[in-house]
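Single-letter residue listing:
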Amino acid sequence: MKFEVNGEELETEVLPGQVLRTVLRQNGHYEVKKGCDAGDCGACSVLVDAEPVHSCIYPAHRLSGKHVTTVAGLGTPEDPHPLQQRFVDAAGLQCGFCTAGMVVTASTFGDEELADLPRALKGNLCRCTGYRAIRDAIHGVDNTATPAAGEAAGRSVKAPAGLRVVTGREEYTLDFTTPTKLLHLAVLKSPHAHARIRSIDTAAAEALEGVECVFTHRDSPATLFSTGRHENREDDPDDTLVLDPVLRFRGQRVAAVVADSVRIAERALALITVEYEILPAVFDPALARSTQDGVPRLHGEKGAESRISEPGRNVVAQMHGEMGDVEAALAASDATVEGVWQTQRISHAALETHATRGWIDADGRLVLRTSTQVPFLVRDEICHIFGLLRTPCASSRRGSAADSVANRSS
Amino acid sequence: MDLIGVDEIRVARTRDDIVLGEGVRALGGGTWLFSEPQPGVTGLVDLTGLGWPAVVRTDDALVVAATCTIRDLTRVPAEPDWPAHRLFRLCADSLLASFKIWNVATVGGNIATALPAGAMTSLMSALDATAVIWGPEHTERRIPVAEFVRGVRSTDLRAGEILRAIEVPSAALRSRVAFRRIALSNLGRSGSLVIGRAAGDGSFVVTITAATPRPIQLRFTAAPTAGELEHALDGIDPWYDDPHGAPDWREAVTRLFAEEIREELA
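Heads up: the sequence lines are chains A and B, in that order. The opening residue of the first sequence carries number 820 in my numbering; numbering runs sequentially from there. The opening residue of the second sequence carries number 123 in my numbering; numbering runs sequentially from there.
In case anyone wonders, no lab produced these hints; they're calculated from the structure. A couple of the hints might just be wrong.
In silico EDC-like links for lysine to aspartate or glutamate, alpha-carbon gap of 20 Å or less [claimed, not checked]: (1) K821(A) / E144(B); (2) K941(A) / D215(B); (3) K1000(A) / D1182(A); (4) K1008(A) / D1020(A); (5) K1121(A) / D1055(A); (6) K977(A) / D908(A); (7) K977(A) / E990(A); (8) K885(A) / D215(B); (9) K977(A) / D955(A); (10) K1000(A) / E1031(A); (11) K1008(A) / D194(B).
Because the structure is a prediction, the values reported are computed rather than measured.
Isolated chain A (complex conformation) (with noise of 0.2 Å):
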């Protein structure tokens, strides 16, 4: 197929079902972000002829003859677009993985859209909470100033790699291409908030051609860790395996194929046959916390070197606290509210996807590349689990995307 991406002729290989974003991102458009892939975040905003669409969301197999403009085609850091200079004097850019959908986007604003800017920017989220430098962005307002060399302590300066990420330029976790051939990882999920696996069985999956291997809890290291990183690794519960055999939430990792696309990894899950011997689960977590008879306990097999909390009442964790002293201060108030406020669990939704990329280096070391703030913690609990050595660890710019590097065990 046939079209143009930024004023230059691209021929590819479009496949059936693949999305604008997919096969720009497959020639090398990494300025095209892959966030939400649901039409909703707006990080992988291009214009088709000219008007803006979702690209994640867009059949690729219209795009024959088509116009596309990504971020990229806008401006360069040499030359930026309007638009793109005020993004970078607003400050109106944090981690910058939503800014590309955000210019391109504001690129097509008339008076209509500038008069409503929460209408008009609904399709285009922003995890670290930026709006009102965005906003000012738009409207042209310069939060920035631009100090001599020494100044500038104690003053607003631009971001320093601005102009990259609103021109496209900088490398988030997977903008970059491999120099290794480059496999994929499905994982099968469970569809049990409580099960055991009885049996698993990959044959035909590992038949599929192009899947490389398959992983199962058979071939997971024996050490617990945790998901959570704290400095101090012990703050955090070993409770649970890379792949573990009892599942205690639906959607835990049941296994993982490797294979040489997504489409044939994903492809390779459906051929996998488990048997799960079905537990008892609970879903209230007042009655989760009680002694009650019949109430699973979903780490009950585990001691006190898990460090889970309390695993005979479901309490992985606990945490209490006070600052100063409360009973004196509630004594000599002149009125006081009792009362028990509880919130649910909230899981902070990063725009950018959850990623790792790996590679053996020159010297035979495992480099990998991830998708996370804490990459020294990462590399360690990988050594940890992996049995490997650690070496030095370097970290990009960015908090939500850095290169952590483990050196393989003889």
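Place chain B on chain A using the hints.
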């Protein structure tokens, strides 16, 4: 997202190319179909290749192709005697989707997806529009849009059928209309959308969507009294329940809107 189970996409150029079957689905704009995994879908027939004109005016109707984009619908120019024309934009603005989705999403696709908050269903039901359905062997049948959507993600389409067009009677466009909508967040998914329409012959119809699993229409030969309207509302069951609004809230706001609309059109 990439639909990894799809092996073939056929772009229909003539009616004979519209052949659906096991695992083969009709594709409109694609903004919903490509927004979530579609297990079991192995093929797509793209209807946008048929080149249907977005809108055609006949003597007594505005015929909107199922493949007309939301954007194109909002750009249909008004006639001087079409007070109901303003509903086009009001309903497009009621979609959760942003204007970028309007550039690709189709009117027919929104209706055939059959979501309670589907604002094209609200619009076309309120205008007493008719769904034109094409079936295999060049068959064709018609059904009111308000009956075409039968429930959450459920339509009247049978195997092999597609939605071809929506016929909006010109008389409905000449009606006076009143519009009310609410969502739990300002620009969120509609929790209740109520449209009142007073036609030239004095008849009065209140169309309720988003608050109920399927469109509900309350019809009166003349403008109802508050009591008559309330009595008609009493018959609604069930009110829709999902994270975008509790049933009792949806009922309360719908009752308020219906009465406001009755007074506005009186």
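For this structure, which hints from the list above don't hold up?
-> 1, 8, 11
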